[in-house]
Amino acid sequence: MAARTALSDSRRQVVKTMISFGARSMSSSSSSWWRSVEPAAKDPILGVTEAFLADPTPTKVNVGVGAYRDDNGKPVVLECVREAERRIAGNKNMEYLPMGGSLKMIEETVKLAYGEDSDLIKDKRIAAVQALSGTGACRLFADFQKRFSPDSQIFIPVPTWSNHHNIWRDAHVPQRPYHYYHPQSRGLDFSALMDDIKNAPSGSFFLLHACAHNPTGVDPTEEQWREISYQFKVKGHFAFFDMAYQGFASGDTVRDAKSIRIFLEDGHLIGCAQSYAKNMGLYGQRVGCLSVVCEDEKQAIAVKSQLQQLARPMYSNPPVHGALIVSTILDDPDLKKLWLKEVKGMADRIIGMRTALRENLEKLGSPLSWEHITKQIGMFCFSGMTPEQVDRLTSEFHIYLTRNGRISMAGITTGNVGYLANAIHEVTKST
Amino acid sequence: MRSQTDHTPSVGSVTDRRLSCLLRHLHPSPSSSAMESDRTISALPTSSFGSDSVFAHVVQGPEDAILGVTVAFNKDPSPIKLNLGVGAYRTEEGKPLVLNVVRKAEQLLVNDKSRVKEYLPIVGLADFNKLSAKVIFGADSPAIQENRVTTVQCLSGTGSLRVGGEFLARNYPQRTIYIPQPTWGNHAKLFPLAGLSVKTYRYYDPPTRGLNFQGLLEDLSSAPLGAIVLLHACAHNPTGVDPTIEQWEQIRQLMRSKGLLPFFDSAYQGFASGSLDADAQPVRMFVADGGECLVAQSYAKNMGLYGERVGALSIVCKSADVAIRVESQLKLVIRPMYSNPPIHGASIVATILKDRNMFDEWTVELKAMADRIISMRQQLFEALRARGTPGDWSHIIKQIGMFTFTGLNSEQVAFMTREYHIYMTSDGRISMAGLSSKTVPHLADAIHAAVTGHLIAIKIAMSSNGIGLKLKQYYKLLLLLLLMESTFQDPSTCRVTILRLQ
Numbered sequence: 058m059a060a061r062t063a064l065s066d067s068r069r070q071v072v073k074t075m076i077s078f079g080a081r082s083m084s085s086s087s088s089s090w091w092r093s094v095e096p097a098a099k100d101p102i103l104g105v106t107e108a109f110l111a112d113p114t115p116t117k118v119n120v121g122v123g124a125y126r127d128d129n130g131k132p133v134v135l136e137c138v139r140e141a142e143r144r145i146a147g148n149k150n151m152e153y154l155p156m157g158g159s160l161k162m163i164e165e166t167v168k169l170a171y172g173e174d175s176d177l178i179k180d181k182r183i184a185a186v187q188a189l190s191g192t193g194a195c196r197l198f199a200d201f202q203k204r205f206s207p208d209s210q211i212f213i214p215v216p217t218w219s220n221h222h223n224i225w226r227d228a229h230v231p232q233r234p235y236h237y238y239h240p241q242s243r244g245l246d247f248s249a250l251m252d253d254i255k256n257a258p259s260g261s262f263f264l265l266h267a268c269a270h271n272p273t274g275v276d277p278t279e280e281q282w283r284e285i286s287y288q289f290k291v292k293g294h295f296a297f298f299d300m301a302y303q304g305f306a307s308g309d310t311v312r313d314a315k316s317i318r319i320f321l322e323d324g325h326l327i328g329c330a331q332s333y334a335k336n337m338g339l340y341g342q343r344v345g346c347l348s349v350v351c352e353d354e355k356q357a358i359a360v361k362s363q364l365q366q367l368a369r370p371m372y373s374n375p376p377v378h379g380a381l382i383v384s385t386i387l388d389d390p391d392l393k394k395l396w397l398k399e400v401k402g403m404a405d406r407i408i409g410m411r412t413a414l415r416e417n418l419e420k421l422g423s424p425l426s427w428e429h430i431t432k433q434i435g436m437f438c439f440s441g442m443t444p445e446q447v448d449r450l451t452s453e454f455h456i457y458l459t460r461n462g463r464i465s466m467a468g469i470t471t472g473n474v475g476y477l478a479n480a481i482h483e484v485t486k487s488t
Numbered sequence: 090m091r092s093q094t095d096h097t098p099s100v101g102s103v104t105d106r107r108l109s110c111l112l113r114h115l116h117p118s119p120s121s122s123a124m125e126s127d128r129t130i131s132a133l134p135t136s137s138f139g140s141d142s143v144f145a146h147v148v149q150g151p152e153d154a155i156l157g158v159t160v161a162f163n164k165d166p167s168p169i170k171l172n173l174g175v176g177a178y179r180t181e182e183g184k185p186l187v188l189n190v191v192r193k194a195e196q197l198l199v200n201d202k203s204r205v206k207e208y209l210p211i212v213g214l215a216d217f218n219k220l221s222a223k224v225i226f227g228a229d230s231p232a233i234q235e236n237r238v239t240t241v242q243c244l245s246g247t248g249s250l251r252v253g254g255e256f257l258a259r260n261y262p263q264r265t266i267y268i269p270q271p272t273w274g275n276h277a278k279l280f281p282l283a284g285l286s287v288k289t290y291r292y293y294d295p296p297t298r299g300l301n302f303q304g305l306l307e308d309l310s311s312a313p314l315g316a317i318v319l320l321h322a323c324a325h326n327p328t329g330v331d332p333t334i335e336q337w338e339q340i341r342q343l344m345r346s347k348g349l350l351p352f353f354d355s356a357y358q359g360f361a362s363g364s365l366d367a368d369a370q371p372v373r374m375f376v377a378d379g380g381e382c383l384v385a386q387s388y389a390k391n392m393g394l395y396g397e398r399v400g401a402l403s404i405v406c407k408s409a410d411v412a413i414r415v416e417s418q419l420k421l422v423i424r425p426m427y428s429n430p431p432i433h434g435a436s437i438v439a440t441i442l443k444d445r446n447m448f449d450e451w452t453v454e455l456k457a458m459a460d461r462i463i464s465m466r467q468q469l470f471e472a473l474r475a476r477g478t479p480g481d482w483s484h485i486i487k488q489i490g491m492f493t494f495t496g497l498n499s500e501q502v503a504f505m506t507r508e509y510h511i512y513m514t515s516d517g518r519i520s521m522a523g524l525s526s527k528t529v530p531h532l533a534d535a536i537h538a539a540v541t542g543h544l545i546a547i548k549i550a551m552s553s554n555g556i557g558l559k560l561k562q563y564y565k566l567l568l569l570l571l572l573m574e575s576t577f578q579d580p581s582t583c584r585v586t587i588l589r590l591q
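Protein sequence lines correspond, in order, to chains A and B. Residue numbers for the first sequence follow my numbering, beginning at 58 and rising by one. Residue numbers for the second sequence follow my numbering, beginning at 90 and rising by one.
One chain only, chain B, in its complex shape:
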């Protein structure tokens, strides 16, 4: 719309400008089209316009599969419910746990008047970084002593993986990462956003509920030279299936001969076997051969610092000079993401790792958590055996870490949620940490029921006038129920669900 008055910005005061603006709209020029005057511009500049949002087309995003489980669990009003979804440790009483040594560290920090909350450097707390590298690579690691390792503080495991992925996408020529099948759901989301394309390699073997080692070797063998390979350092999530040390050695040799770049996700160090060093073996094997790798570390589970978001990304390089340059590039990834990492959690970790006594305390509390989980595995296994649940359930005690891949399918999972108020991810993964001696029987009952299919769904067709079920059919139904009840040794495992259909 051409303005009637030729409006030059430098003419007149602010008020004049605004008035002339208003005037133009109050008295539109004759040449203005009908469409222009239809524009919802009121004469009063401060009145509310009914404007359209530029994001009106945004649809509701799907619930996160894992975190959505807890949401659903919280909504459930049933007094007997079990949350085996997200991998957060619970005590025997089903309560979240803050480690004693963590509380101690927190108090020290709070009472230290000299502490300030200034920005950390982009790469995070220096002490934390050095000590974290020692935790995963070993205090006497030659790579550390030779200054070949750059470690940056990140937001737990997720943040470390994302930053590592973005670094690779920008600085590494092979932009494909191979992830195991299955793997933690967020892996497949975060690597593409980091700029990498994702392929999978065979990992879990459903028939044996163990490792498909042949498939793994074949798939890695056929990966292009230089491809990145995501490896779960220990306690594979979601399956709990880890390679043996011998198998790890074979994987290492294969990867080095094919020039594949290892990217370790270490979220459970110490949590799997109870020993920090034992759980770090696979990573240390790869570092010992002098080659390069990336490692994402998380303190969410093993130090119970979940919500504090503490983790570290380490890149083991061939030389100290390279490590320095790599670190400078990591900063370029971090700065536009969140500038610098949160200080609180890292300070707690550094406080603990620095102090010999606190470190030892930590290892004791860590082992206790790992031991409780191992004991839950044993109890669940025995409970299923006692019930005579068909199938081989030895994978429950063979698998390691927080999770068990039960082998249940999504229908069985849905059944368990519906009938027994047990919440877990639809892939059949249960978090052993959510179990206690008291709740194991309930879970065992549920698994037993799901597996043996002692569910009879009877559909009754209802007409709009009311119950259209003929008397004959009704008696047939009653007879069937009585027959089934007498058949089963344990009637409590027999559930009858009547579904109504309109």
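Chain A with its partners taken away, still in its complex shape:
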């Protein structure tokens, strides 16, 4: 009896809602379908740039989003990219790429990650598709993981790029954390990391940052990577590498891919997301690649076909322009050399700024240790500042960064490093 009443209650509620729908649609003064839509929270990272742009203060500094700036604080288009664009413009048609993207670009991109002479490439064991930069590559993999390992979860480092959480959530893959950052040392919590790897159920999926961990800048050493790889073998875990900074971290694309190469040597069948956003400065072009290592060519063909099945209902086929820039550059030995030189230039400037920031802080007599600034690598530095200190940096000094204390080194210049050091010193000196 009670159940029936409850049912008819809810039914009545549904009918009421439906009637109000109908009423809404008929009169122009009636309310919207979207009345109940809440304003969404701002994206923590991209929201910073929005706030920065809205600030009228001339001395403002943006060390929020990870887009490279030159020493004048200006965005950079690489020379090799400008040249590639000159060659492309007027010479290509804009036909649809295949669902899996530009074959030429994929070929070159896979070589970068796996090595020019990789046997995996020779044996055609890599299923690879062009993806919408790193985000798109991660999302495609997450969707693929959901579809073909539906009971699996993803282990994600703490902390990580905030969008990783959004990606696997929207793919409906449950997430589990694993220890990574060690706040006290501002370094790697290696023993806790290894424990988490050992304690995870066998055959778990792990997200690893191949180099230049975002947001901490803390990477395992080569020795540590070997141990991680070994333990992964023992547990039969799946390694998914997000490599967004190859070349950008140390200045050397081969060195930055070391972690992946170690895993490949150990025979792991990995997955890898690659992005040209930072290392080729192609941010807005959305160029990247998702690759999955398979047992043999036949399996690679099957996996690639399934990845395409996921891309088709999302965007049909990927954008051609960025892919053409990449393949034009990587296919031409001179342009490729120029690119490698320019990447090293960017990496070197960042390493220079790390040194400068640390020296400035030490010169100011900061009581804290800032060693981690030069130990960490890549675009970001996990300063160790609290959200409250960050808020002070923004409100008092008009310095914009994410509240987790992550500083984008690329936003630092010889012109603003002194101001930044001073501000950081001010808000942290009483710590």
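Keep in mind the hints are simulated off the structure, nothing from the lab. Possibly wrong hints are sitting among the right ones.
Stated by the list, open to error - Sample of chain B residues facing chain A (criterion: CB under 7 Å; computed from the structure):
#1 V143
#2 D153
#3 G157
#4 R192
#5 Y208
#6 L209
#7 I233
#8 R414
#9 R424
#10 M426
#11 M447
To be verified - Straight line, CA to CA, 25 Å or less: simulated PhoX-like cross-link-like pairs of lysine-lysine:
#12 A:K486 with A:K420
#13 A:K315 with A:K432
#14 B:K184 with A:K149
#15 B:K170 with A:K149
#16 A:K355 with A:K181
#17 A:K149 with B:K202
#18 A:K131 with A:K393
#19 B:K219 with A:K99
#20 A:K393 with B:K219
#21 A:K161 with B:K184
#22 A:K315 with A:K161
#23 A:K149 with B:K164
#24 B:K184 with B:K164
#25 A:K394 with B:K202
#26 A:K131 with B:K170
For each residue, glycine too, the CB sits at the ideal point set by N, CA and C.
With chain A fixed as given, assemble chain B onto it according to the hints.
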């Protein structure tokens, strides 16, 4: 397997840890089971193990029905082949076309040293969004002037539909979308993945090769209150059958009275009739009544920007405040999908739409494409009439846009592919854009042959020793062929195919 040595992580250096790990495997404890020591773990941590892929069970996915046609076409070595599969415009010479105005815009962008390639905002290029809304809703649209429209840049039509679908699945209580029967194949794939359940409404009427208007009205009438309805704004894909303006008005009234939410797929604005405004009429009618709707726009065909993936999703809301909130929710869908949209194509579009002269140039080139297609329709219709192909082929000129639903069945389509190397989707859809004055006769021949069934398949049984065909049967066969040849006025339409069976 319990380790013999109690291993505490904090003890010893990295090397010690690794060595003790190795030792455990080199000298397993007596309590370890046989199964454990069978595990393929070599003593050398860097040697290659033969591991199983976690994706070993993944089977080959089916070829996409539409894009697979081009794949098959490309494989065909025949010198005389025709690709009428995917809806990409071709010139009279059968070449892809980049519009002059697009080339101009590209050059401007390349030469502009101040341009950078930074990330666009999640919602895309602001200029592009504003101008796209004007293109579809009209420059003087009150909805735009009242700030009731939120427009976000997406990856062409597909991306706009997917993002719109995901937004609805999360923010709209009625999670059913009605799609026309038939419709573009990808619709049925992308909406379920977005989180909506899909139902169909009657649309195409095979006997008349036109609109099943009664069926459409009945099905929409019986849809639950608030259901979402996918409408092709113009140039229905794959049929080319559009409602008349009067029929659109009836559809609008019905939908508004039933509280159904319109979701327009506008992939061919300007491409259908040659006029941007005329092709946008149905959408504008719905906006004019003050109600809400969603619109997915694509610049793939009408600006020839196919591979650049340029499109926009617009949501017309009741108020500016709602539009702002809706936009913030759209960002939550986009960010975990691809963060922000590609900049190049949108920059081209914005460059063109912003400049009065370039905009006018575009409309002229667009009309030329539409006119060529209309002319192809006329030519094909006349060619079939000249051949006396049985049936009413007037639908070829009555239908509109890039596609014609020929009415051919899958066997006839397969025949045309096999015998005439004509590639099209198995539902009988042909892309008129792939035709030229030179190739119309070939297509007409093929359709004629397929329809009149002038195909004689003769099966000859072969024994394992060789040809087991008896002499008597052979002569019977020869007689039959001669008889048929003399019967047909045009022997070239008579094809004899001998199939061998083991």
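- Task: Below or equal to 25 Å on CA atoms is what counts here, so check K161 (chain A) against K184 (chain B).
- Result: Answer holds: K161 (chain A) to K184 (chain B) is near 22 Å, not above 25 Å.
- Hey, does the Y208 (chain B) contact hint survive, CB to chain A under 7 Å? Interface hint status for Y208 (chain B): holds (5 Å vs cutoff 7 Å).
- Message: Holds or violated: the hint that G157 (chain B) contacts chain A, with Cβ atoms closer than 7 Å.
- Response: Status violated, d = 10 Å.
- Task: Below or equal to 25 Å on CA atoms is what counts here, so check K486 (chain A) against K420 (chain A).
- Result: The given pair, whose Cα atoms are some 13 Å apart, holds under the 25 Å limit.
- Message: Given a cut of 7 Å on the nearest C-beta pair, is the interface hint for D153 (chain B) held or broken against chain A?
- Response: holds, 6 Å
- Assess, step by step, whether the Cα of K184 (chain B) is no farther than 25 Å from the Cα of K164 (chain B), and give holds or violated. holds, 18 Å
- Task: Starting from K131 (chain A), check that the Cα of K170 (chain B) is at most 25 Å away, please.
- Result: The hint is violated at about 52 Å.
- Message: Hint validation: L209 (chain B) versus chain A, beta carbon distance must be below 7 Å. Holds or violated?
- Response: holds, 5 Å
- Query: Can we keep the V143 (chain B) interface hint, with Cβ of chain A closer than 7 Å?
  - Reply: holds, 5 Å
- Return the status of the interface hint for R414 (chain B): holds when the least beta-carbon distance to chain A is below 7 Å, violated otherwise. Given a least distance of 5 Å, the restraint on R414 (chain B) holds.
- Message: Checking one constraint from the list: CA of K170 (chain B) to CA of K149 (chain A), max 25 Å. Satisfied?
- Response: Between K170 (chain B) and K149 (chain A) the Cα gap is close to 24 Å, so the pair holds against 25 Å.
- Given the hinted pair K184 (chain B) and K149 (chain A), is their alpha-carbon gap at most 25 Å? Status holds; Cα separation ~12 Å.
In summary, the structure is inconsistent with hints 3, 7, 11, 20 and 26 from the numbered list given earlier, while agreeing with the others.
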